[in-house]
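J.: Given next are the chains, with one letter for each unit.
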Amino acid sequence: QQQVKQSPQSLIVQKGGISIINCAYENTAFDYFPWYQQFPGKGPALLIAIRPDVSEKKEGRFTISFNKSAKQFSLHIMDSQPGDSATYFCAASVQTGANNLFFGTGTRLTVIP
Amino acid sequence: NAGVTQTPKFRILKIGQSMTLQCTQDMNHNYMYWYRQDPGMGLKLIYYSVGAGITDKGEVPNGYNVSRSTTEDFPLRLELAAPSQTSVYFCASSYLQGREQYFGPGTRLTVT
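Just so you know, the sequences run in chain order A and B. So the first sequence is numbered by the working numbering: it starts at 26 and just counts up by one. So the second sequence is numbered by the working numbering: it starts at 105 and just counts up by one.
Hints should not be assumed to be uniformly reliable.
With a straight-line cut-off of 27 Å between C-alpha atoms, the simulated BS3-like cross-links for lysine-lysine are [claimed, not checked]:
1) Lys-161(B) <-> Lys-30(A)
2) Lys-82(A) <-> Lys-40(A)
3) Lys-83(A) <-> Lys-67(A)
4) Lys-93(A) <-> Lys-113(B)
5) Lys-118(B) <-> Lys-67(A)
6) Lys-148(B) <-> Lys-67(A)
7) Lys-96(A) <-> Lys-113(B)
8) Lys-118(B) <-> Lys-161(B)
9) Lys-82(A) <-> Lys-93(A)
10) Lys-96(A) <-> Lys-148(B)
11) Lys-161(B) <-> Lys-67(A)
12) Lys-82(A) <-> Lys-67(A)
13) Lys-82(A) <-> Lys-96(A)
14) Lys-30(A) <-> Lys-118(B)
15) Lys-30(A) <-> Lys-93(A)
16) Lys-40(A) <-> Lys-67(A)
Think of the hints as simulated: they come from the structure by calculation, not from any bench.
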């Protein structure tokens with residue numbers, strides 16, 4: 026059972042365009058929603074994270090939008106660059122209990138020049 | 105800081121063999137994790153540890169064992185390797201449980 030559902034599986038965007046990756050969850054106890062970026066042959070690295078008390082968080086060209094009522098969150102990459110080509114994972118965790126991260130299945134982003 | 109280091113980078117095992125994947129972190133994090141990554145499946149938690157001497161099962165623990173004798177080290181043991189254990193294995197650590205995790209470079213394991 027996939028706790029966090031991610032789409033699309035792959036995405037091709039022109040340089041300068043906007044890349045949008047979506048995630049959905051069911052467990053309303055989740056209270057931390059990070060995005061990880063992974064380049065080929067490397068481990069994932071934390072890109073940006075949000076808590077459910079805010080609807081949007083921006084860091085440079087990367088923005089997380091969070092819709093608590095819909096139980097959805099998304100990553101927007103503005104002015105996408107070829108160097109952004111990587112696999113992106115959304116994830117979620119809950120602070121109490123085992124509170125481990127549950128990852129989405131990943132989106133392979135390709136930004137073409 | 106080296107962060108999280110893993111050895112080996114690559115390994116080929118025959119069915120039924122055993123091996124230990126090594127993981128070390130130098131950030132003094134109490135929390136450490138082992139994941140496996142399969143194409144199209146994301147990362148699945150195998151085992152985690154909340155401190156030296158304390159470990160617990162994740163989503164997919166069958167066929168694996170762990171130990172945590174020090175804060176720095178968190179080895180993953182594969183007993184009786186099976187083709188289903190062909191995967192890329194990542195070790196991670198964090199200051200807070202379930203929060204910002206730092207990943208190692210991974211070990212690509214093939215079982216034939």
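J.: Need the list of violated hint numbers for this structure, in ascending order.
T.: Of the numbered hints, 4, 7, 14 do not hold.
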